[in-house]
Each structure stands twice: as C-alpha cells, then as structure tokens.
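Residue numbers (my numbering), protein chains in the order written: chain A, 25 to 102; chain B, 25 to 102.
Derived from the structure by calculation, the hints contain no laboratory data.
Please read these numbers as outputs of a predicted model, since none were measured by experiment.
Accuracy of the hints is not assured; some may be wrong.
Unchecked claim - Only part of the chain A face toward chain B is listed, based on derived beta-carbon distances under 10 Å:
1. SER32
2. THR45
3. GLU47
4. LEU49
5. SER52
6. GLU54
7. SER78
8. ILE79
9. ILE82
10. GLU83
11. PRO93
12. LEU97
13. LYS99
Said to hold, decoys possible - From the structure, some residues in chain A lie toward chain B, with a derived Cβ separation under 10 Å:
14. ALA33
15. HIS37
16. MET44
17. ASP58
18. ILE77
No residue lacks a Cβ here, since even glycine has one placed at the ideal position from N, Cα and C.
2 protein chains.
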Amino acid sequence: MDKKLNPSATRKHFALNLRMTREQLGLSQEALADAAGLHRTYVGSVERGERNISIDNIERLALALGVSPASLLEKPKK
Amino acid sequence: MDKKLNPSATRKHFALNLRMTREQLGLSQEALADAAGLHRTYVGSVERGERNISIDNIERLALALGVSPASLLEKPKK
C-alpha cells in the first residue's frame, strides 16, 4: 500500500491542496477520480497523505482540476 | 524500468529543471544523488524523463538542491 505514518511535508501540501481545490470546484472524490482516470479510493488515500504519488498521477489530477501540477505542491496559504 | 517513449509534459519540465538547477550549482549527477540519498543512474534517468518519479523522491532532490519541490515542476522559462 506504500503508506507512511508520517507523510513528508510535500505529501501533506499536495494532499491539502488537492482536497481544497477539489472542494472549491464542488467535485466529489469519485467525480475527480473519474475525470483523472484513477480510482476513488486512490484519490481518498492521496488526500490523507498515505500515497507516494507519482509525477504522472500528479499531472492527471492537476489536468482534471484545471490547475498546474506545480501549484498542487506549493505550501498551502492557510 | 518504468520508462516511457513519450514522457508527459510534467516529466519533461521536471527533468529540465532538475538538470538546469543541478548544473547551476556545479553539481555532478553523482554529487546530487549522494546528497539526496539516491543512485547516480537513477538521477540520470530522471533527467532523461524516463522515470515516473514519486513525490517523496521529488522532495529529496529539491531539498538536496535547496529549492522548493513545486519550483521543479514549473514550466521552464526558456
């Protein structure tokens, strides 16, 4: 499962940015997963920082959300 | 080996940013690999866009280079 009890800072930033952007767009995890060609449970585990997500899947999620991949790795504002 | 004949745009951006930043710092692939706890041949394959690198390894390389992980995913200026 590639889980981590203490996700890296970058994983945490990505997880929080992903959830915030998805919710701002009013998308469910399932709708985002469908748009990105991924599984709903996978998106959920990424949003909990449990997955060591790859750059290709970062790109898929960013494209589905209409944001840049880089923006999803930035330190969240709040 | 997880290679791709046509790397994604984000892989290409990361590969180019990684190489440019490393060379600006005057580091060899081996020196960067040592600093990041990775293997020289792995860094080389990432710089050729051949690897679907994970977010944890993106973080390791960014920390070793003294830049933000997000900056390495941005579309290169030139």
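Numbers of unmet hints, in rising order:
Hint check: 2, 3, 4, 5, 6, 16 and 17 fail, others pass.
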